[in-house]
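Using the sequences plus the hints, can you model the full thing?
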Amino acid sequence: MDTRISGLIAQIFLGLVNGSIYALLSVGLTVIFGLLRFVNFVHGAQYMVGAFLSYLLLVHFDVGFWLSLAISPLVVGAVSAIIERTMISRLYSIDHMYGLLFTLGLTLVVEGLFRYWFGSAGRAYVVPDMLTGVVNLGFMYFPRYRLFVVLASMVLCIGTWLLIEKTRAGSYLRAAHEGPQLLRTFGVNVPLLLTATYAFGAALAAVAGTLAAPIYQVGPFMGANIMVVVFAIVVIGGMGSIKGTIVASYLLGVAETITKIAFPQAASMAVFVIMAAILVFRPEGLFGRQA
Amino acid sequence: MAQMSDDIPLQIENLHAWYGESHVLHGLSLTVRKGETVALLGRNGVGKTTLMRSIVGIVPKRKGTLRIWGHDALATSAHHVARLGLGYVPEERGIYTSLTVYENLVLPPVLSARGMNTEELFELFPNLKERRNSLGGQLSGGEQQMLAIARILHAGASLILLDEPTEGLAPVIVQKIGDVIRLLKAKGISVLVAEQNLFFASKIADRFYLIDGGKATATFTRDEFKNSRDLIEANLGV
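Line by line, the protein sequences are chains Y and E. Just so we're aligned: 9 in my numbering is position 26 of the first sequence, and the numbers increase by one with no gaps anywhere. Each number in my numbering comes from the position in the second sequence (counting from 1) with 206 added on.
Bear in mind the hints are in silico, worked out from the structure with no lab data behind them. Computed from a predicted model, the values in this text were never measured in an experiment. Heads up, a few of these hints could be off.
Unchecked claim - Going by beta-carbon spacing under 10 angstroms, a handful of chain Y positions derived as facing chain E:
id, residue
1, D112
2, L114
3, S154
4, R157
5, A158
6, H160
7, F169
8, G170
9, V171
10, N172
11, V173
12, L175
13, M222
14, K226
What the hints assert, rightly or not - Covered stretches of chain E (chain Y as the covering partner; in silico rule of three or more C-beta atoms under 8 angstroms from a C-beta of chain Y):
id, stretch
15, 259 to 272
16, 332 to 338
To be verified - Ranges between beta-carbon positions, derived for each pair:
id, chain 1, residue 1, chain 2, residue 2, range
17, Y, Y75, E, T324, 30 to 38 angstroms
18, Y, Q164, E, G251, 42 to 50 angstroms
19, Y, V211, E, Q344, 35 to 43 angstroms
In this text, a Cβ means the ideal position worked out from N, Cα and C, and glycines have one as well.
Next comes the structure, spelled out in structure tokens:
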């Protein structure tokens, strides 16, 4: 094969790795936005805490990657459920701006605490033994761990989409989005549904954090950095469209790495240029419904 | 004080309800007995819809006595009221536009073995069977009303509230809804229906309440209704 083409394919695959982390984060954000109708600004902190928990479990308790992949989302999900029940749920009936300010404030508190406890330097999380080395994909050698991240993310994102679009639990979520009051009169415990959804979105962020730990550095501001891109992706995909955010995440991950070779200085700008273009020509996003 | 009993599907005494600061129900009392179809008659804005919404718990600020099968419904949270056997078909029908017809039909959790299965319901409403995979938003007004009723039948409620079920519908569909209400009666289901169409109400109801100014001002049996038609029409401004 032409080396230039195989080089391009290699970049596309690397882009898919970033896209995988974006996808997990943006899907969680979209699920929460879709049902609770507020933007969860603390999502980045939930991702960071997920990564940190896994790191601390490994370093201090010798708990390996696979177990952390279960424990970390469970802990983050449970704590987030408590936060939703005791604090966020009080904000639904008032202006959405309060939800935004509250979660933004919570982010600053959580990030501040982690910086105070652990310093702002990034820490490395070693790739689990089972996933070290490379896999021969035929046209390129690809790190086994990164391939695992791409597959795990795709399974979780498509699973979430199927859960919401095709199952009975999902029909409750869609109905609760459209008309929560009537759904309650049918005997569905809507407040519990909101709490569970919030916890689920937060748990997805923690999964993303754990998966990202061996790729990026684990640090208090890892969430803040990535969320800037993730919010842009949610806008590009179309607020509230799960399918749209999944597709946009992978596309943008790839677009970012391709810009990195074609025009390195613009790499970190690419996402925002695309977002601006989308806002001008298709403000409802790639897959959004016209309001 | 009337006697409270758990054989009475719906017993309301001196009910007050508010929308924010506006006081809509002013001490309304009424009873729906087992197997009875009761019609609420009254002009727009007298509180019929507010009454329905108060019974299901959508109006949060309520005072007085509201018992469903003997249980204190005012002390029961909104999602538990349905489990007392209550089914509600709102005036706007409340079909979820992003769910398919089938998803709408099976959406409310089944409350009792009384619930009809989807086969029976598709037999009763063949239109819905044809459109089972369409989105709720694509249905006509009549189809939406059928679906709103079918979904409560699927849940198996023992007391059904119908808010203006015939409003804005073609005569042939109104007739179908009349048939369905008679079927509910045959199954022993109690029904409270708000209805502007006097002729339709006279065909389906066993008893009638005249609602005015947030209160029940008079009640008529079927026979009394026929004899007092002039009075009722004067009251409704027909």
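Margin query: So, as I understand it, the hint says Y:V173 touches chain E; can you test that by seeing if any CB pair is closer than 10 angstroms?
Written below: Where the cut-off is 10 angstroms and the nearest Cβ of chain E is about 7 angstroms from Y:V173, the hint holds.
Notebook entry, point to check: With 10 angstroms as the cut and Cβ atoms as the points, is Y:H160 at the interface with chain E?
Noted result: With a closest approach of 8 angstroms, the Y:H160 hint holds.
Next item on the list: Hold the hint about Y:D112 up to the distance rule: shortest CB distance to chain E must be less than 10 angstroms.
Entry: Violated, because the Cβ-Cβ distance from Y:D112 to chain E comes to roughly 46 angstroms (cut-off 10 angstroms).
Notebook entry, point to check: Holds or violated: is the Cβ of Y:V171 closer than 10 angstroms to a Cβ in chain E?
Noted result: Result: holds, 6 angstroms to nearest chain E Cβ.
Notebook entry, point to check: Is the hint on Y:M222 kept, meaning its closest Cβ partner in chain E is under 10 angstroms away?
Noted result: 15 angstroms, violated
Checklist line | Minimum beta-carbon distance criterion (10 angstroms), Y:L114 to chain E | finding: Constraint on Y:L114 not satisfied, violated at 39 angstroms.
Check: Does the stretch 259 to 272 of chain E contain three or more residues whose Cβ lies closer than 8 angstroms to a Cβ of chain Y?
Finding: holds (count 3)
Check: For the hint on Y:A158, does the least C-beta distance to chain E fall short of 10 angstroms?
Finding: 5 angstroms, holds
Item checked: Cut-off 10 angstroms, beta-carbon criterion: hint that Y:L175 touches chain E -> Holds: closest Cβ of chain E sits about 9 angstroms from Y:L175, inside 10 angstroms.
Checklist line | Outcome, coverage hint (the stretch 332 to 338 of chain E, chain Y; C-beta under 8 angstroms; three residues) | finding: Violated - the stretch 332 to 338 of chain E has 0 residues with a Cβ nearer than 8 angstroms to chain Y, which falls short of three.
Margin query: Let's test the interface hint: is any C-beta of chain E closer than 10 angstroms to that of Y:G170?
Written below: For Y:G170, the interface hint holds, since the closest Cβ of chain E sits about 3 angstroms away, which is under 10 angstroms.
Notebook entry, point to check: Taking the closest Cβ pair, is Y:F169 under 10 angstroms from chain E?
Noted result: This hint holds: Y:F169 lies near chain E, its Cβ roughly 4 angstroms from the closest one there, short of 10 angstroms.
Consistency with the previously given hints fails for numbers 1, 2, 13, 14, 16, 18, ordered from lowest to highest.
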